[in-house]
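Engineer: Mapping of the sequence shown onto our numbering: residues 5 to 289, in sequence order.
Just so you know, the hints here were simulated from the structure itself, not pulled from any lab data.
Idealized CB from N, CA, C, for every residue including glycine.
Do not rely on the hints blindly, as some may be mistaken.
[Unchecked claim] Here are the simulated DSS-like cross-link-like pairs (lysine-lysine), alpha carbons at most 25 Å apart as the crow flies:
| hint | residue 1 | residue 2 |
| --- | --- | --- |
| 1 | Lys146 | Lys258 |
| 2 | Lys146 | Lys136 |
| 3 | Lys136 | Lys178 |
[Claimed, not checked] Label-pair ranges, simulated between beta-carbon atoms:
| hint | residue 1 | residue 2 | range |
| --- | --- | --- | --- |
| 4 | Asp214 | Tyr55 | 38 to 44 Å |
| 5 | Asp101 | Leu76 | 23 to 29 Å |
| 6 | Ile287 | Arg179 | 16 to 22 Å |
| 7 | Ser58 | Gln272 | 41 to 47 Å |
| 8 | Lys50 | His83 | 32 to 38 Å |
| 9 | Ile74 | Gly176 | 35 to 41 Å |
| 10 | Thr175 | Arg96 | 29 to 35 Å |
| 11 | Thr134 | Asn230 | 31 to 37 Å |
| 12 | Val173 | Met267 | 25 to 31 Å |
| 13 | Val173 | Ile274 | 22 to 28 Å |
| 14 | Thr175 | Gln71 | 39 to 45 Å |
| 15 | Val286 | Gly67 | 39 to 45 Å |
| 16 | Gln104 | Ser58 | 27 to 33 Å |
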Amino acid sequence: MSMYYDRRTRQTKTEAQYGGAYLNVLYHSALGRCLLKLIISPGFSKINAVYQNSALSRHKIKGFIEQYHIDLKLYEDKHYHSFNEFFTRKKRHATFDENQQTFISPADSRLLVYRIDQDLTIQVKQSCYTLKELLETDDDLKEYQNGSCLVFRLAMDDYHRYCFVDDGVLTGFKRIRGKLHTVSSISDHHKVYSQNTRVINYLKTEHFDDLIFVEVGALLVGRIQNHNKTSYQKGEEKGYFELGGSTIIILTKKLVKIDDDIMEQSRQGIETKVQYGEGIGVISC
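Using the sequences and the accompanying hints, generate a full structural model.
Structural biologist: Printed below as a string of structure tokens:
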């Protein structure tokens with residue numbers, strides 16, 4: 005079980021971990037750790053994808069809808085040929101805060117915010133990352149000193165499509181092939197954000213200067229599907245994750261000020277539930 009803060013009700017709630025019993029065995033037992041080496045490999049993910057993309061997986065859809073109370077009226081009306089096709093379903097209308105001064109969430113997710121230190125390190129839960137380690141680069145990143153690291157964790161029941169947070173252009177990207185650890189709290193002792201498969205995007209935005217937008221694959225999610233746009237508008241769909249829970253990390257400069265309620269929860273180590281396109285910050289004066 006993990007905790008998150010609901011901004012709408014101003015209450016802290018608990019979230020059941022999808023497949024928690026199996027993950028505990030994988031990460032906290034001798035036998036599980038032996039199996040883990042196989043299961044977190046991209047090769048195993050590809051084998052699993054064959055099944056999840058086949059008609060044989062369709063029987064899982066009904067139970068998933070019931071377990072997570074999914075309102076199908078919010079999504080496009082279509083016949084799903086596989087569980088993965090259902091998992092990557094598209095909303096009829098994806099709205100967002102259009103105020104140019106507002107920084108929005110790229111996805112339905114649970115958000116934690118961390119400060120980027122003077123030495124360009126980030127303390128994320130039980131792991132300490134350097135920006136160069138996270139991004140696998142030797143570039144000079146001093147402009148991100150005292151900025152923010154936004155970690156958006158997508159749970160199984162979240163909408164797994166994500167959007168651009170401002171107008172702008174893509175100035176560069178790279179894909180890093182890695183492992184596929186779960187991004188849940190069960191794997192806190194692993195440095196998952198610098199070990200997992202990820203796509204790193206360098207964005208020049210209209211109102212928030214340069215941003216680094218990182219999509220991180222997770223357990224059984226080897227495929228991060230981006231639409232490969234070189235120019236984009238705020239709220240425009242950027243891509244989607246295939247089956248599983250995943251994470252988006254956004255690195256901002258100091259000029260982005262995240263909302264006080266989110267920062268207060270983050271200081272306590274509690275995630276805040278946010279929605280695709282929801283305002284979560286502003287330009288700092």
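Engineer: All the hints need checking, so say for each whether the structure fits it.
Structural biologist: Quick rundown of the hints versus the structure:
Taken as a hint, the Lys146 and Lys258 pair is honoured in the structure, with Cα atoms around 11 Å apart against an allowance of 25 Å. In summary, the hint linking Lys146 to Lys136 is supported, as the alpha carbons are separated by about 11 Å, within the 25 Å threshold. Note on Lys136 and Lys178: the hinted pairing holds, with a Cα-Cα distance of about 14 Å set against a maximum of 25 Å. Separation of Asp214 from Tyr55 is about 40 Å and conforms to the stated range, judged on CB atoms against 38 to 44 Å.
Range check, Asp101 to Leu76: about 25 Å between beta-carbon atoms, so the 23 to 29 Å window is met. Here the CB-CB span from Ile287 to Arg179 is close to 31 Å, at odds with the stated 16 to 22 Å. Distance hint for Ser58 and Gln272: a CB-CB separation of about 43 Å, consistent with the stated range 41 to 47 Å. Checked against the hint of 32 to 38 Å, the pair Lys50 and His83 fails, with Cβ atoms roughly 26 Å apart.
About 37 Å separates the C-beta atoms of Ile74 and Gly176, a value consistent with the hinted range of 35 to 41 Å. Here the CB-CB span from Thr175 to Arg96 is close to 33 Å, well matched to the stated 29 to 35 Å. In this structure the hint that Thr134 and Asn230 lie 31 to 37 Å apart at CB is violated, the actual value being about 25 Å. At about 29 Å, the CB distance of Val173 to Met267 agrees with the hint of 25 to 31 Å.
Judged by the Cβ atoms, the range 22 to 28 Å given for Val173 and Ile274 is violated: they are separated by roughly 35 Å. For the pair Thr175 and Gln71, the supplied restraint of 39 to 45 Å holds, since their beta-carbon distance comes to about 41 Å. Val286 and Gly67 have their C-beta atoms about 41 Å apart, which keeps the hinted 39 to 45 Å range intact. For the hinted restraint 27 to 33 Å between Gln104 and Ser58, the CB-CB distance of approximately 45 Å leaves it violated.
Hints 6, 8, 11, 13, 16 from the list above are not met by this structure, while the remaining hints are.
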